[in-house]
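Just so you know, the sequences run in chain order A and B. The first sequence begins at 1 in our numbering and counts up by one. The second sequence begins at 1 in our numbering and counts up by one.
Keep in mind the hints are simulated off the structure, nothing from the lab. Mixed in with the good hints there might be a few duds.
Pair ranges (Cβ atoms, derived) [stated by the list, open to error]: (1) Arg35(B) / Thr180(A): 17 to 27 Å; (2) Ile33(B) / Ser177(A): 24 to 34 Å; (3) Asn107(A) / Val71(B): 27 to 37 Å; (4) Ile38(B) / Ser106(A): 57 to 67 Å.
Virtual Cβ for every residue (Gly too), placed ideally from N, Cα, C.
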Amino acid sequence: MKVNRSIEEINEKIKSGSAVVFTAEEIIDFVEEKGVNEAAASVDVVTTGTFGPMCSSGVFLNVGHPGPRIKFNEVYLNDVPAYAGIAAVDFYLGATALPAKDPANSNYPGEFVYGGGHVIEDLVAGKEIRMEASAYGTDCYPRESINTGFKLAEINEATLYNPRNAYQNYNVAVNLSSKTIYTYMGILKPNLGNANYSSAGQLSPLFNDPLLQTIGMGTRIFLGGGTGYVAWHGTQHNPSAPRCENGTPRAPGATLALTGDLKQMNARWLRGLSFLGYGVTMQVGVGIPIPILNEEIMKYCAVRDEELMAPVVDYHRGYPYKEGEPLGEVSYAELKSGQVTIQGQKVPTASLSSYAGAREIAAELKEWITSGRFTLTVPAKGLPSTEAGIQLNSLPQRNPEREDG
Amino acid sequence: MIKQKIVLRYPPHVVEQPTIYHLIKDFDLMVNILRADINPKKEGRLMMELSGEELNYQRALEWLREQGLHVMGLEQQIIWREEKCTHCGACTVICPTEALAFNRPEMTVSFSEDKCIVCELCLRACPARAMETLVENNNSVK
Chain A
1 MKVNRSIEEI NEKIKSGSAV VFTAEEIIDF VEEKGVNEAA ASVDVVTTGT FGPMCSSGVF
61 LNVGHPGPRI KFNEVYLNDV PAYAGIAAVD FYLGATALPA KDPANSNYPG EFVYGGGHVI
121 EDLVAGKEIR MEASAYGTDC YPRESINTGF KLAEINEATL YNPRNAYQNY NVAVNLSSKT
181 IYTYMGILKP NLGNANYSSA GQLSPLFNDP LLQTIGMGTR IFLGGGTGYV AWHGTQHNPS
241 APRCENGTPR APGATLALTG DLKQMNARWL RGLSFLGYGV TMQVGVGIPI PILNEEIMKY
301 CAVRDEELMA PVVDYHRGYP YKEGEPLGEV SYAELKSGQV TIQGQKVPTA SLSSYAGARE
361 IAAELKEWIT SGRFTLTVPA KGLPSTEAGI QLNSLPQRNP EREDG
Chain B
1 MIKQKIVLRY PPHVVEQPTI YHLIKDFDLM VNILRADINP KKEGRLMMEL SGEELNYQRA
61 LEWLREQGLH VMGLEQQIIW REEKCTHCGA CTVICPTEAL AFNRPEMTVS FSEDKCIVCE
121 LCLRACPARA METLVENNNS VK
């Protein structure tokens, strides 16, 4: 390889305003025209983006001590419960948390109008958040309840910590049954009525660094409209997923745990969502810069939707009951065309992840870099990749009361 | 000739009157009912397409209002809050008339009011809840 660029060199160019940056969409035609070697020689950074529902998201809050002090036992924000099993006025609000009074699916399919993701959106938007909390009272924390309100700017910390974001590929969900089903992949009409997918494909961060050669712990990123960092590999991280010849996984693969200061984020890119019959979640905007260190990394960034394959999974039996195998594979180019063929049948497609949003994020991150306000980081530690031999586990089911269990 | 899609809102006391009969018999209009939600002694809603002579159509609307019915244009019934829309496209496979459509290669959602039949499936299919109805808005104001 002729190109051997360092992140330090790239940062020098960013600071002098001379870095050459393309989005992961723009780079496709550029590489097509110039070839990988010439493109690698002239391009410093490729920016990626994704804006999809990411359930494994939430925020750690510290609201400061009232006087007298309190050690929260139960905390509700706009009626949505937060997890208070950590220090006195620290708690974690998860994106899928529901108010205790929410009827959920008792009136199927439930509407799930408001939950954790919506509270986070309201918090970032600067709205007043109603808080009710109770405690059992101790000598050091005597207060037993508080009923108050606060805004984001008035509390100590709000740290977004998302245990699993930016999935490298995802299932295409269909319904083989004869009745409509309501899933986290949206409404699935009967008899292969529609096929829903959720990835930005060629713009998606981990599709552009399939073997995790540049993205690692400490990588600085676009998160929720502000800056954030890769904290760790995400939960259910599965770099051992089967791969195409171009190195990209043909099933859900790597994931990222992401973190950042909520106070500098933007409600436009952290949106509470209501999935009919499923629950609430949050749509998270993520953009990751990929430093073009050499020709190999350039080649991976030039990947296009035609070469990215997703498994088609039945969400009536296949996914919920872990039955059978995927019904086949389709490319993201086919998915984005609006129609795919599954079992000989033409099926209309819809996305849950916003490609327009992904495009905007990649463009915004590009602007941050070219304007010199965002520099790249050298990861403190790589993430487990194909060589790690990770195998996903299933929860054991045994009776702990029985010795022979 | 005129052809218009309208929505009638029935106050509870008019629900049991044979309104459609009069539209056909007295005003010589063709009536194509798109959607109806009529219940005894409750406020009802009827969406329909009316066609016929312009003068008859105008007289019919006047008569409907005299009966205590609220007459509204169909296009005002479903509102696309574009600022709330994230352009994912989830609604576009649920909308039966392609009023909500996905534009390629822009990969954005658009809403054509003239194609909307107010089935309201989009209201709950939109995860960002960017689709709203006028009727619900009215109720929430009360």
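Cross-check of the supplied hints:
1. Arg35(B) / Thr180(A): 17 to 27 Å: Hint holds: Cβ distance 19 Å, inside 17 to 27 Å.
2. Ile33(B) / Ser177(A): 24 to 34 Å: holds, 31 Å
3. Asn107(A) / Val71(B): 27 to 37 Å: Holds - the Cβ-Cβ distance for Asn107(A) and Val71(B), about 33 Å, lies within 27 to 37 Å.
4. Ile38(B) / Ser106(A): 57 to 67 Å: Once the Cβ atoms are compared, 28 Å apart, the range 57 to 67 Å for Ser106(A) and Ile38(B) is violated.
Of the numbered hints listed earlier, the single one contradicted by the structure is hint 4.
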